[in-house]
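Sequence lines, in order, name chains A and B.
Residue numbering for the first sequence follows this note's numbering, beginning at 16 and increasing consecutively.
Residue numbering for the second sequence follows this note's numbering, beginning at 20 and increasing consecutively.
In short, the hints are calculated from the structure, not lab data.
Just so you know, even glycine gets a beta-carbon here, dropped at the ideal spot from N, CA and C.
Any given hint might turn out to be false.
So, partial list: chain A residues that the calculated Cβ filter (under 7 Å) puts toward chain B [said to hold, decoys possible]:
id: 1; residue: Q253
id: 2; residue: T256
id: 3; residue: V284
id: 4; residue: P285
id: 5; residue: Q289
id: 6; residue: K293
id: 7; residue: L295
id: 8; residue: E298
id: 9; residue: G505
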Amino acid sequence: MRRMAIAVGVAAILLVGGIVPLGAQQPKLTLPGIPNPGVASYAPEIGKYGGTYVISQISDPRTFNPIVAQDTASTAVTGALFEALVDQDYLTGEIVPGLAESWTVSQDGRTWTFTLREGIKWSDGQPLTTEDVAFSAQAIFTDGVDNSAVDLLTFQDQPLRWRVLDKRRIQFITPRAICPVGIFLRLIGAIDVVPKHKLADALAKGGAEFNRTWGINVNPKELVGTGPFILQSYVPGQRLTLLRNPNYWSVDKRGQRLPYLTRYILLIVPNLEQSRLKFLAGETDFYSARPREFAELKAQERQGSFAVYDGPETFGSEFLVLNQNPAGVGSGGLTPAQLSWFQDVRFRRALNHAIDRNTIVQQVYAGRATPSWSPISVGNKLYVNTNVPQYPYNLDRAQQLLAEAGYRKGADGLLRDAQGNVVEFTLQTNAGNTDREAIGNILRQDFVKLGMRVTFAPEAFPSLVSKLTGSYRWQAIIIGLTGGIEPSSGRNVYLSSGDLHMWRPNQEKPVNEWEAEVDRLFEQAACETDQAKRKTLYARWQQIYSEQAPMMWFSNPKTQPAVRNTIGNIKLGLQGVTGTLETRYYKTVYK
Amino acid sequence: MQRFLLQRAIQSAVVLLGLSVLLFTLLVYTPGDPVELLAQANPEVQPEDVQRLRQYYGLDDPLIIRYLKWLRAVAHGDLGYSRTYSLPVRTLIGQRLGNTLLLVGTAFLIALVVGSAIGIYSALHQYSPADYGFTVFSFLGLAMPNFWQGIVLILIFAVWIPLFPAGGMTTPGVAPGWPMAWDRLWHLVLPVAVLATSGMASWTRYVRSSMLEVIRQDYVRTARAKGLPERRIVRRHALRNALLPVITLVALSIPGVLNGAVLTETVFSWPGMGLLLFQAVLGHDFNVAMAVLLFLALVTVGANLLADVAYAVVDPRIRYG
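Build out the structure end to end from the sequences listed, making use of the hints.
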C-alpha cells in the first residue's frame with residue numbers, strides 16, 4: 016500500500032548493473048536524519064494533517080507477525096505496520112524502491128546488492144540496519160516457521176543465501192547452478208522486514224515459538240515496524256485502531272513527512288451486508304462494492320456524500336475447461352468419443368464461438384465486466400496481450416466450424432460426430448456460486464442450440480476439486496482462478512507438468528507441440544530478470560493459449576470502489592486500489 | 020425436595036453428555052475439515068503436508084477416540100484452542116459472554132415487563148380496539164424473522180434517518196465513564212428492539228390468555244361479589260395466579276432468547292457469543308463451536324431445571340418427592 020512512482024524502466028537500468036539514480040532531476044527533498052526519503056510523487060494532491068480513516072473488514076486478524084501472516088485479514092493490518100526492501104507501484108505494478116533506496120545485480124544475474132535508505136528508524140526509535148533484513152530472511156528459513164515464501168526462495172532444494180556487507184548494504188545470492196531468478200525482486204518484495212531487537216529471543220527458541228510471537232493478544236507496544244502506522248489497540252471482534260508512525264520515511268512532493276492521517280481504524284464486521292450498511296450509514300469511509308451494486312450506489316452518491324468509481328478489472332476470471340485427459344475415460348468420466356471431441360482443437364474453437372460473453376457480462380455482472388480472451392486479465396496492464404485471436408459470439412460460425420470438423424446436425428436436430436455418436440456431455444461447476452451457475456445456464460442454452468445435449472449439474476466444491484485433481488472423472492467444468500501480477504505464479508496451471516493443468520495434469524512429457532512450447536516459454540521467463548523480455552515471452556504464451564483454447568475465459572469482472580468525499584488523494588490503480596494509505600488524507604471542507 | 024433435586028441434576032448431566040456426543044458427531048461430519056480447506060486455499064500445499072497436518076490435529080483418529088480425548092480435556096476444564104484466533108477458547112468466551120448477557124438481559128427484561136403489562140391490559144379489556152391492536156402487533160412481532168427485522172431497522176434508523184449506529188457495540192475513541200456508558204446504550208437500542216419485539220409478542224400472548232383464564236374463575240367472581248375494589252381483585256387474586264405458569268415460561272424461554280441472539284448479533288455485528296458461534300461454524304473452528312453449543316445446551320438444561328424448582332417453590336399445590 017505504499018509505493019513510489021519514480022522508477023521508470025528500472026529493469027533496463029538494472030541490466031547494465033549501475034546504481035539507479037533516483038529522483039535525480041527533482042529538487043532534493045529530505046527529512047531530518049533521512050537524506051533520501053521516499054517521495055510520493057504519484058499522489059495527485061498535497062494533503063492536510065489529521066483526521067481518521069475508517070474502513071471495515073470481514074474477519075479478525077489471526078496474527079500480527081508479518082512473517083507468518085498468510086490470510087488477508089492479517090496482512091491488511093501488517094501491511095500498514097511493516098515494509099519490505101522493495102515495493103510494487105500500485106498504479107503500474109512495477110517494482111520500486113522501498114526500505115532499500117537502490118539495488119544492483121551482478122553480470123551473471125545471481126548476486127543482488129541492496130542499499131538501505133540512510134537514517135530509517137523503527138517506530139521505537141531504534142535504527143534500521145541490514146542486520147534486521149538478514150534476521151527477517153533467517154526467520155523465513157528457520158525450521159518450523161509458518162511461511163510460504165520459503166518454497167519460493169528455495170531453488171531446486173538450494174536455499175537463497177545472503178551476506179551483510181555493512182550497516183546499509185546486504186547481498187542476496189541465488190544458487191550458481193541454477194539460472195538467474197527472473198522475478199527475484201518480487202520475491203524480495205514479499206519479505207516484510209521485522210526488528211531483530213524485538214524478535215531475536217523468540218526465534219532463538221525455535222519455529223513454533225516464533226509462530227506464536229506477536230499473536231493477536233500481544234501488547235501493541237511490542238509491534239515495532241517501519242510502516243506508515245503503528246497499532247494502538249485491538250478489540251477482538253470489534254476494531255483495530257492504528258496511529259500515525261511519526262518515524263515514517265516518506266514525504267509528499269513538498270517534502271512534508273507522511274502519513275497525513277492521525278488515525279486509521281479497521282472495524283470488524285461479520286459479513287459484506289454489514290460492511291455495506293456501515294458505509295451507507297456514514298460510519299466507514301470505504302466500501303469495495305460488488306458489480307451488481309454499482310448502479311444502485313451510483314444513484315446514492317450525492318445523498319450519501321461519496322463517490323463510487325468505475326474501477327478497472329480484477330486479475331481473476333472464470334472459464335470453461337474440457338477434459339482432454341485419457342486417464343479420465345471411464346464410468347462417471349469421459350467416453351472415448353468425448354475424449355476425441357475435446358482433444359480436437361476445431362471442436363474447442365467452435366464451442367468458444369458459442370460462448371455469449373456479452374450476455375454473461377450483462378446478466379451476471381450487470382455490465383461491470385470486460386470480455387476476456389486470454390489467461391491474463393485485461394486489468395493486468397503489465398502483461399496482458401490484447402492482440403490474441405478472439406472468438407466473437409456467432410452460432411453460425413460455430414456450426415460451420417463443427418461441419419468442417421465432420422460433425423453433422425441430423426433431422427432430429429441433434430449433433431452427431433463422424434462416427435454417428437450424439438454429441439452430449441455434462442457441464443459442472445461448484446454449487447452455491449450463483450455467478451458460475453448463471454454462466455452455466457447461459458452456456459448450456461447456446462450449446463443446445465448447436466444440437467448438443469448438455470446437462471448442467473452443479474456440485475459441491477470439495478468433490479469438484481477432487482475430480483479435477485484426483486480422479487480426473489469429469490467432462491466439462493466452469494471454474495475460476497485468481498491471478499497474481501506475474502504469470503509465473505500460475506506455473507502449476509500452465510505448465511504441462513502442473514498439478515492444476517486441469518485438462519491434462521501432471522504430464523511427464525508435453526503431449527502436444529504447443530504445450531511443449533508453453534513449457535519452454537515459462538522456463539525462459541523464469542530465468543529472465545528483464546521484465547520487458549518476460550512480457551514478450553508471456554505474450555507469445557497468451558497467443559498460443561488463445562489459438563488452442565484449452566481454457567475458454569469469459570470475462571474479467573470490474574472493481575467499483577466507493578469512497579467518502581471527505582477522503583483525498585484518490586487515484587485508481589491496478590485492481591481498483593484507490594491510493595496508498597500514507598497519502599490518504601481527510602478533507603475538512605465536506606460534511 | 021432434595022432427592023428430587025438430585026434426581027433432576029443426574030438426569031440433566033446424562034442429557035448433557037448425550038447432547039455432547041450428538042454435537043460432536045455432527046460437527047465432525049460437517050463437510051470440509053480444516054486441513055482440506057487449507058489445501059484448497061493454497062495450491063502449493065503438498066499431499067504429504069496434508070497428511071502430516073491431519074495427523075497433527077488427530078483428524079484421522081476414529082470418532083470415539085477423538086470424542087474421548089475431547090471429553091477428558093473438557094473434564095479438566097480445558098476447552099482447547101481456537102484455530103482462528105490462536106487463543107484459548109475459555110478466554111474468547113470470557114470476552115464475549117458479558118456482551119451477550121448485556122444484550123440478551125436488557126432485551127429480556129424489556130420484553131417481559133412491557134409484554135406482561137400489555138397482556139394484562141388486553142385481558143382486562145378483551146375485544147376492545149386496543150386489544151385487537153396489540154394482538155395484531157404481537158402476531159407481527161412473532162411472524163417477522165429477527166434477521167430481516169434487524170436489516171430493516173438498520174436501513175430505516177441508521178441509513179435513511181441516521182439516529183442509531185449500523186451495528187457494532189462501541190464507537191472508537193469515546194471517553195471512558197459516562198460517555199462510554201451512554202455510547203453503549205445508544206448501540207444497544209436497535210438490537211434490543213429486535214430481540215425485545217419478538218419476545219414481547221409472545222409474553223403478551225401468554226399473559227393475556229393466562230389472565231383471561233383466571234378472571235373467569237369462581238374465586239374471582241366471589242371476590243367481585245364480596246364487593247372488593249377491581250384494582251385489588253386484579254392485583255391480589257387474578258394476577259398472582261395468572262403469573263404462575265408465566266414463571267415457568269420465563270425459565271423455559273431463556274434458551275430461546277439466547278438462540279435468537281445468534282442471528283441478531285450477526286446482523287448487528289454485536290461481538291457476543293452468537294456471532295462467535297456463527298463465525299466458528301463458518302470457519303470450521305471446531306473447539307469454539309463445540310464450546311458455545313455446549314454452553315447453549317447447558318443453559319437450556321439448567322433453565323429447565325430452574326423452571327421445575329421455581330414451580331415447586333411458588334405453587335403450594337406442587338410437592339415433589
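These are the hints, each one checked on the structure:
1. Restraint check, Q253 of chain A versus chain B: the minimum CB separation of about 5 Å is within 7 Å; hint holds.
2. A distance limit of 7 Å between C-beta atoms decides the matter here; for T256 of chain A the minimum to chain B is near 6 Å, and the interface restraint holds.
3. Among the interface hints, the one on V284 of chain A holds; its C-beta lies about 5 Å from the nearest C-beta in chain B, closer than the 7 Å criterion.
4. At a threshold of 7 Å, the smallest CB-CB gap from P285 of chain A to chain B is about 5 Å, leaving the interface hint in force.
5. The beta carbon of Q289 of chain A is positioned within 7 Å of a beta carbon in chain B (closest approach about 5 Å), and the interface hint is therefore held.
6. Checking K293 of chain A against chain B by beta carbon gives a least distance of about 5 Å; that is within 7 Å, so the hint holds.
7. Residue-level restraint check for L295 of chain A holds (minimum Cβ-Cβ distance to chain B is 5 Å; threshold 7 Å).
8. The criterion of a C-beta within 7 Å of any C-beta in chain B is met by E298 of chain A, whose closest approach is roughly 6 Å, and the hint holds.
9. Using the Cβ-Cβ criterion of 7 Å, the hint placing G505 of chain A at the interface with chain B is not satisfied: the shortest such distance is roughly 9 Å.
In summary, the structure is inconsistent with hint 9 from the numbered list given earlier, while agreeing with all the others.
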